[in-house]
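Which chain is which? The protein sequence lines are A and B, in order. Start counting at 1 in the first sequence, then tack on 3, and there's your number in the working numbering. Start counting at 1 in the second sequence, then tack on 3, and there's your number in the working numbering.
Keep in mind that the hints were calculated from the coordinates and are not lab data. Check the hints yourself; a few may be wrong.
When chains are identical, the list treats them as one kind, so a pair holds in a single copy or across two.
[To be verified] Calculated cross-link-like contacts (lysine-lysine; reagent style BS3-like; alpha-carbon spacing at most 30 Å):
hint : residue 1 : residue 2
1    : 60        : 15
2    : 105       : 60
3    : 105       : 15
Protein chains: 2
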Amino acid sequence: MAGMQRALRAAKRALQAGEVPVGAALWLPDGRWFVGRNRVRARRDPTAHAEMEAIRKAARALGNERLAGAVLFVSVEPCCMCAGAIALARIARLVYGAPEPKTGAVESRFALFASAQIHRPAITAGILEDEARALMRAFFEARR
Amino acid sequence: MAGMQRALRAAKRALQAGEVPVGAALWLPDGRWFVGRNRVRARRDPTAHAEMEAIRKAARALGNERLAGAVLFVSVEPCCMCAGAIALARIARLVYGAPEPKTGAVESRFALFASAQIHRPAITAGILEDEARALMRAFFEARR
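Pulled out of the complex, with its shape left as it was, chain A reads as follows (with noise of 0.2 Å):
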């Protein structure tokens, strides 16, 4: 299954339990995968999203904070926080759907990658985009 599959799967159980629907995973190149999906409710947490849970499920297999040569796939355009664990996760690629109006930090609102100071994963957009915008979608017509 394809990463983005995979996360959109993960962004979907996260939209089941009444969260904003996004989800992660991670491709480490010793084949295995870890999965987060968006909690920040569930666990009154805000720092609960998606791509930290993959990151640091990761991070704890692998015993090691940098989680070199990793593919992160997310459903959604990563905010501030997120993107800047990316790059103290020293994430190699970073592949998302939806870009994020309001709060994306890669291209929206901020591009904290165009900065040198910063470690920059290669980066895709656009994959599965529109299956993630219609669960968000999904998400916030329900909530009117």
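Dock chain B against chain A, hints included.
Chain B only, in chain A's frame:
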């Protein structure tokens, strides 16, 4: 004990543990304090910064991912990840000691809170700056 002194005490413990010496202390309006220190190496967790630990502890104790009225004291200027978490947690006031020229996201390398798109705490910098800087210098000189 004042907030920055709590943060500096936590930073000293981080130094003793061989971590980059950054400490944080979070005050909630109900009078409770939550302390965090950098534990990146011990936990093998790139997200285990002092501010993150203090914010996560406080949100768990409060049962709310938004920390209305909270004041966060940090010995060193927060990075992108932590500044993002500060915004997500709706911290009311951020007080920090020394600027961090390489990674600081408040004034030094990025000015995240200058954006109208993100929750912006009131900010006070330079409190007990010399003490915070001395800890950082001790850590990096010992590594040479």
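Here's how the hints hold up against the structure:
no.: 1; hint: 60 <-> 15; verdict: both (20 Å within a copy, 28 Å between copies)
no.: 2; hint: 105 <-> 60; verdict: both (27 Å within a copy, 27 Å between copies)
no.: 3; hint: 105 <-> 15; verdict: within (21 Å within a copy, 38 Å between copies)
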